[in-house]
Structure formats: C-alpha cells, structure tokens
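Protein chains in written order, with numbering that gives the first Met the number 0: chain A, 0 to 302; chain B, 0 to 332.
Just so you know, the hints here were simulated from the structure itself, not pulled from any lab data. Computed from a prediction, not measured in an experiment: that's the story for all the values here. Glycine included, each C-beta is placed from N, C-alpha and C at the ideal position. Heads up, some of the hints might be wrong.
[As the list claims (entries may be wrong)] For lysine-lysine, the following DSSO-like pairs were computed, each having C-alpha atoms within a straight-line distance of at most 30 Å: (1) A:Lys185 with A:Lys32; (2) B:Lys85 with A:Lys274; (3) B:Lys85 with A:Lys32; (4) A:Lys171 with A:Lys197; (5) A:Lys32 with A:Lys171; (6) A:Lys185 with A:Lys197.
[What the hints assert, rightly or not] Covered stretches of chain A, as calculated for chain B (at least 3 residues, CB under 8 Å): (7) 104 to 113; (8) 148 to 156.
[What the hints assert, rightly or not] Some chain B residues well away from chain A (every beta-carbon gap over 12 Å; in silico): (9) Leu91; (10) Leu103; (11) Glu129; (12) Tyr150; (13) Phe256.
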Amino acid sequence: MEVAFEQIINGLTIGSFYALIALGYSMVYGVLKLINFAHGDFFALGSYIGYTFLVFGSAFVTTHFGLWGGMVVAMLMAAFCLAVIGVLVERAAYRPIYPAGRLPAVVSALGASIVLQNAIMVIWGPRYQAYPAKLIPNVHLQIWGINITMLQLVILAMSFLLMAILYYIIQKTVFGAAIRATALDKDTASLMGINFNKVIFFIFTLGPALGAITGVMVGMYYRQISFTMGWNYGLKAFTATILGGIGNLPGAMFGGLILGVLEMLGAAYISASWKDVFVFLILILVLIFRPTGLFGEKMAEKV
Amino acid sequence: MDAGTTTGYERFFGSRQAALFAVLGVFLVYPFLVDNYYIDIAFYFGIYALLGLSLNIVLGEVGLFDLGHAGFYAIGAYTTAILNTKLGIPILVLLPVSAIAAALFAYLVCSPIIHLRGDYLCIVTIGMGEIVRLALINNPFDLTGGPNGVYGIDFPSFGGPFVIDSSIEYYFLIWIIVAITILGLTRLQYSRIGRAWNFIREDEVAAGASGIDVRYYKLLAFVLGAALAGVAGNIYASKLMAVSPESFSFWESCMLFCIVLIGGMGSIPGILIGAAFISLFPEIFRPFAMYRMLIFGLVMILMMMFRPGGVWPRKRGTAEFSSLLSRMRKKNA
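Bound-form chain B, shown alone:
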C-alpha cells in the first residue's frame, strides 16, 4: 500500500468516527421522540443485539454450531425470576448472579461434549436447549411454575427513588449494557484470546498443533457467551415481570443463529444489523398480518443469495495480505 491509500484510510476512519457519533446521537435522541410502543421495540432490539453478540462469541468467533443458545438465556431468566420471587433478592444483584449461573451451566454441560465436531455439536446443543425448555415446563421441585412460568418479578432498583420501571429507562439500561459489551468484545477480538478463537475457527488442527489449547478456548467461548445470554435473560425477565418456557424455544435459538449469519460472522456492526432485522422486521410488516412471516422467510433466503457472507461481513487482515502479495509481485517483476 502506498502513502495515498493510507491517508485515504485515515479519511475513512475519520468519517467512520463521525458515523459512530451520528449513530450514538440517534440512539440518545430516539426515545424522546417516539411513544412507548416504539421505545419497547427498540428495547427488544437491544435484547436481541445482546443475545446476538453472545452467540457471536461461540458461532462467529470460534465457529462452533450452537443451536441451543436459548437454553443459556433461559437459565439466566429463570435464575433471576426464581431468586427474586422466592427470596426477594434485588434484580441488579441478580444480574451478575444470572450471568454466573448461565456460565456455570454452560461449563458443566459443555465440558463433556466440547470434543464433538460440527453437526454433532449442533445436535447436542439443540438437545441441551430442548432439555432445558422441557425441564422448565415439567416444573421440577415446584420451582419453575410449569407452562405458566414465574410471574411477579420486581423492577431493577438502585435503592430509594431510583427504580427502573418505565420503557425509556429500560431502553437505556439495555443499550448501556450492549454498549459496554461491544466495547469489551472489540477489545477481545484483537487480544490473544480473540486471535486464538479465530485460529480455531479457521483451522482447528493447525491451531492445536501451534500450541493453542483448543478445548480451553472453546469452553471459554461457551462460558462467556452463556454469561452474556444470562445477562440478557435477567433484563428480559424484569422487563416482562414474568418468564415462561415458550420464550426459550428451539425457534428462538434458530433466530439467534440467523442474527449472526445474516449480520456476518464475527462482525459486531453486522450483529446489530442482524438483530435489527430479526426484531424490527415482524413489527414493520405487522400490517401484512398472516403474510409477514412468509415474507420474512423469503427475505432470509434472498439475503443469503445476495450476501452469503452476511450484510456486514468482518474484514480481517486482508489489507496486510494484499500488500504482502503486491510486494512479492514487485520483487518478482
């Protein structure tokens, strides 16, 4: 790459920062311009963004087929629901507790199955998700309330008058958490851990041969992804004030899978676009009533036809590679 393209890159970077601030501005102003219904839609967009980011760690960064992610989400939501309604523990205290519970569950469940490959891992995660959902329906130890679920969950409270109980406050709660997650994940992508994950995704055998502890990094991805899904479950439970098993079905896991693939594996802006598609599309097409899911499926097929790598695929290392190639060509010429 010569000097001209470098300044071009800088100019692009500058415009990127401007775009970032514009997006931030829209997010800050948006809830003050619309009514509660639209704020709630944006809230669910935030929940799906967080879930998409959590699955992206497992599926996008490491390339493990996880079609049971709703199971971790359910563990987080039910941990919050049960501990809050039975023991009265405040929601915000339960936020880390839910994350740890989901992470611990992921560790225990995934430890024995982490050596499975591709589609075999896929079916085991499906099985795991289904077992969680069926167990919740069957109401073990009278804790989960069966098909009706658990209701009467508190609002998150900072003590005194600072209670998160309106749509706009929930909106900011979820999007602040999403923002923190995005910051953390971007740092993680460029860390030793992120590079190890990507190496495993591209070539597991080579990664193992290069001294990367494949098992450890795969488990780490599952544990981190599950913890984030647990956080999403916590906020979802307190927003709805109730949880029931049907929110955590196989369908939900499939939609999360689609968020990551429609957006672009490993690409954070892509995940946000994917989450927007999955959460906003059915709302926008509400007037079409019965036909909207028909259109939804068609659009999914069309998207994969025209953008098989996702709407906003992550570019990594291509610049250096092409420069290396052009340098080699120059040398040979």
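Chain A with its partners taken away, still in its complex shape:
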C-alpha cells in the first residue's frame, strides 16, 4: 500500500507540472479557441532561462538571500522574461491571423513552436543541460510511513499555491471576470466595454509566466532539460486540458493532476514502458463516454 501512496505522491508532483502548463493552454483556448502549440515551448524556454540564471547569475542573489532566494528569483526572472516573450509572440504570430479563422492560426502556432524550439537549440546548443544540484537540500521525509523528498514537498506546495492564486484571479478579480466573459461570448463582452486586446495581453502574460515557473520546477525535479522537452510536456498538458474539459480552468487543473497520478500508477502496476499508452487509452475512453471531457459542460449544437 505504501508503494501506491508513494506513486500517488510522485503522480501528483508531475501532475502539478501538467496542470500548470495545461492552465496556459486552457486560458488561450477559452478566449481564442486556438490550440497554442507554442505553449509547450514557452515552458521549455522558461526552463532554460531559469537554468542560465541559476548557473551564471545566482551567486549574487544566493549570497544575499540564501539558496531559497536564488531559486525564487530564478523563477521570477523566467516568469518575467516569458511574459514578455509570450506577448511578443502573440503580437507577431497570432494577432495578424485571427481574422482568417482558426485553422491558419493553428499552423502559425506550429510555426511559432518550431521557431522557439530551434531558437533554444541555437542559443543553448542541442545537448542536454544539467540543472545545478542541491538547490534544495536532498532530505527524505517520512510522513505516515510514506517516503517523500523535500523537493517534492516544495514543488507540490508551490504548484498548489500558484493554482490557488490563479483560481483566485480568475474567479474573484475584475480581470478574471473579463477573461471569463470573453471566453463565454467575445462579441457581447466587447459590447459591455471589455477590451478584448487587454484580455489577450493578460492571458499571454499569465500563461507563459506560469509555464516558465513550471519549467524551472521541472528542471529542479529532473535536473536535466532539453530543447525538445516542450513538445513532450506540451502534448501531455494538452491531453490534460482536454481530459478536464477544454476552456474550463479548474478542469485543466484536475485533468493535469489525474493524468499525472494515472501515469505513475500505470508505470507502477502495469508497465513503465506502456504507461503513456495507458494514459492515452484512458483519455480516449473518457472522451467516448463523455465527449466534452470530465468537467466540460454539455454543449448544445449551434444551428
């Protein structure tokens, strides 16, 4: 039974990565009905920027604020850079294409993804990069007989904090209300005085920033990053988005966590090499019986 609990903890850890990336997909989809393929690469780029900061710039910060300060500053740096890059990518690659409809925007998103991925490769090189070790003391804790590392605990705490903050922003603030209104009905929202461009600006800063922080956390967790990792995580996170019901933010969070737990349980009890097959099979089964995802509301057919 301990094995199962440990796998669930592992699953929640990687599930929280998927959830945080999925939130970016879901926000963009909700407002623009666009699958933002570049979002996975925002995440990867954030991871590299955090890496660069931790390797070259953290000495100053860590001497003044300690290890924890260095880590937090690295995350904030990555988040800030990616917020800027996210807005720039939206301006350059997506905004001119909205009027043409959804499908051209998908190709443009794929193009942006290729550009970002290869930009990472050109800047940092095609080889794996190793995150600095011992950012967080390697302590194993025993809680009710379950092994959990300090790093996992920190990652889980931070992810849930970020998700809570985002949930608060979306559900309780004026900005969040504007995003939800735009997602529901763009034209009516515009007529009510909501600035569509501001909403887009907001989701393209928030989504990539969350992705970048996740990138730094993934780097700390696996200690190894590569320029192609955006695709793998992006695909999983997109799966999580759909699993929860696309455009539904709490759904995306739960979808990510469920996906991570399923993956780890599948790896433990079925087979490690078949775990992704298991995940995709579950996804297909869910969609056969609930065609709009686990938490998606029933959509009426528009005639």
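Since chain A is already given, all that's left is putting chain B on it; use the hints.
Here is chain B on its own, set in the frame of chain A:
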C-alpha cells in the same frame, strides 16, 4: 456571366491544359537530368504528396481535425515490413494488403470516436497516433523490433528481371501512384461522395438534416485517407529497406497537417505545393544548417499571414454564385 467571359474561361482552360502538360513534361525529364541525390529528394516529395493527398480527404474535404495521420502511415509501413521479412510476401502484393490493413485499423479505431467534434477529435487522433508509435517502440509479440524497427525489406519486383531497385525507378513508381491518386480524387471531388463531404465540412447539422449519413461519410473519409497513407507506408518501407518508430512521430503528423493548410484545404494543386514546401525547403536551406528550421517556422507564420487560405486555395461554386447574384441585381434594377 456574359459570353465574353465564357470564351475567356475557355482560353484560360486551354492555357491550363498547356500548363499541365508542361508540368508533366518536367516530371518526366527531371530524373534524367540530375543525379541520384536530387531524384531521391523528388521521391520524398512524392511520398509527402501522397500523404498530403490522403490527409486532405479527412482534413480538407470533410474538415475533420486529424493530427494522428502518421499512425495510419505507420500501420501501412509496418504491415509491409513485417509480412515481407517474416513471411517473404512480395512488396507489390503487400501494396493493397497495407492499404487494407491501414483502412481496417482506421475503421476499428475511428468507429467509436467519430461522433466527437473539432478539438476533441483532434486530441483523440493525436492519442491514437501516439499509441501506435509507443506500441511499435515497445515491440509487442517481438514483431516490430522495438526502437530499432524492422530492416531487410525487399525491393518491389514484377518477377524476373523487372525489379524496382534504383532511385529513378522508385521516382516513377511513387509519381505514377500519385498521378493515379490525383485522377481518382478529382473524380471523387465532383461525385456525390465529394459533395456530401464538403456539405459536412461546411455545416454538419444541415448536412445531417438533409439526409446525409454524416457518420458513414466521415468514416469513409477516414478509411480512404488511411488506405492511401498505407500505400505511402508500403513504398516508403521498401525504399528505405527499413522502418523505425521515429519516422512516424507526432511531428510527422503535424507536418502533414501543415501540408494541407499551407497548400489550401481541398485543393489538389495546393497539396502538391504544400508537400513541395515541407519536403524541399529543408533540403534547399541545408547550407544554413542550424538556422534552417528557424527559417522554416518563420516562413510558416508568414505564409499564414499573407495567404491564410493556403497558397492555392480551392475555388468552388463561386462563379455560379456571383452570376446568380448579378442576375438578381439585374432583376431588381
């Protein structure tokens, strides 16, 4: 439309036929003018053209988001590879077998999911493609050879000395198949089936209400598209003499998706241009080495900015419609 534009149309049609013959001429002469490297590039162009045409049935004609098309391609290639290396069945016999295997797979997989809409169908096809690729890597029943794949596949042979084993022969094999496919698809576009497909793409609910069996026609599109992808897989496997899972990744499906959208949905000449872009661009920009994919992505964005409907979008029915409109205006005036 008055008489003047009709003769203009005829003149245009005449020039179109001339252009068609010129293109055919270039295709026939090209392999005799260049060395094997360039013939091989043209061969891969042909493979992508065939794959693009096969995805065009699903995505372009019916408007179903299929981002797992490489899965069908893989089924075709692996059917050929396994049956040829294990049982020694000749490649050309396996050509229809691969097509049927991929079509059958598409039928079985797509039957339960065909009712899904838009992006939900998209993620399920992604999942399907990934399941195929991961299954091939995991080597079920020791058939697929794991990450290394299957190697030692024969050349296609017509018996006796007639064996397709040089670049130029492969070039003609693939382009003859592409030509036959184009002929068939053009006929299909103007048939009852093609019209039903386009109706479903434009308005699924209205199509259903007009008595079109939406489910049947959607499945038909998947089955036909998969069969063509299976044919492409067969030829690809015998040309490379080996298949491995990495040729059938999600990336490959995305590139096929881009072929259709860059070219123009439902437009056959557009698909050829899209396939040329995807297959020739990385070769032409080889001197730029690390930067070539960077440029590739930028060009993709720019193309969608300036030609969002594709390079050569398909025009359908616009002439009749405008004439009807002008007639109505005349009546009212």
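Quick rundown of the hints versus the structure:
For a cut-off of 30 Å, the pair hint linking A:Lys185 to A:Lys32 stands: about 11 Å separates their Cα positions. The suggested pairing of B:Lys85 with A:Lys274 holds, with an alpha-carbon distance near 29 Å, which does not exceed 30 Å. Using a Cα cut-off of 30 Å, the hinted pair B:Lys85 and A:Lys32 is violated, with the two alpha carbons roughly 47 Å apart. This hinted pair checks out: A:Lys171 and A:Lys197 have alpha carbons roughly 18 Å apart, not beyond 30 Å.
A distance of roughly 23 Å separates the Cα atoms of A:Lys32 and A:Lys171; the hinted pair therefore holds under the 30 Å criterion. Proximity of A:Lys185 to A:Lys197 is assessed by CA-CA distance (about 13 Å); at most 30 Å being required, the pair is judged to hold. Requiring three or more residues with a Cβ within less than 8 Å of a Cβ of chain B, the coverage given for the stretch 104 to 113 of chain A holds, as 9 such residues are present. By the rule of at least three residues with a Cβ nearer than 8 Å to a Cβ of chain B, the coverage given for the stretch 148 to 156 of chain A is violated, with 0 such residues.
No beta-carbon of chain A comes within 12 Å of the beta-carbon of B:Leu91; the shortest separation is about 33 Å. Against chain A, the non-interface label of B:Leu103 holds: every CB pair exceeds 12 Å, the least being about 18 Å. For B:Glu129, the requirement that its beta carbon stay farther than 12 Å from each beta carbon of chain A is not met, with the minimum near 6 Å. At roughly 22 Å from the closest C-beta of chain A, the C-beta of B:Tyr150 stays outside 12 Å, upholding its exclusion from the interface.
With a minimum CB-CB distance of about 8 Å to chain A, B:Phe256 fails to clear the 12 Å threshold, and the non-interface call is violated.
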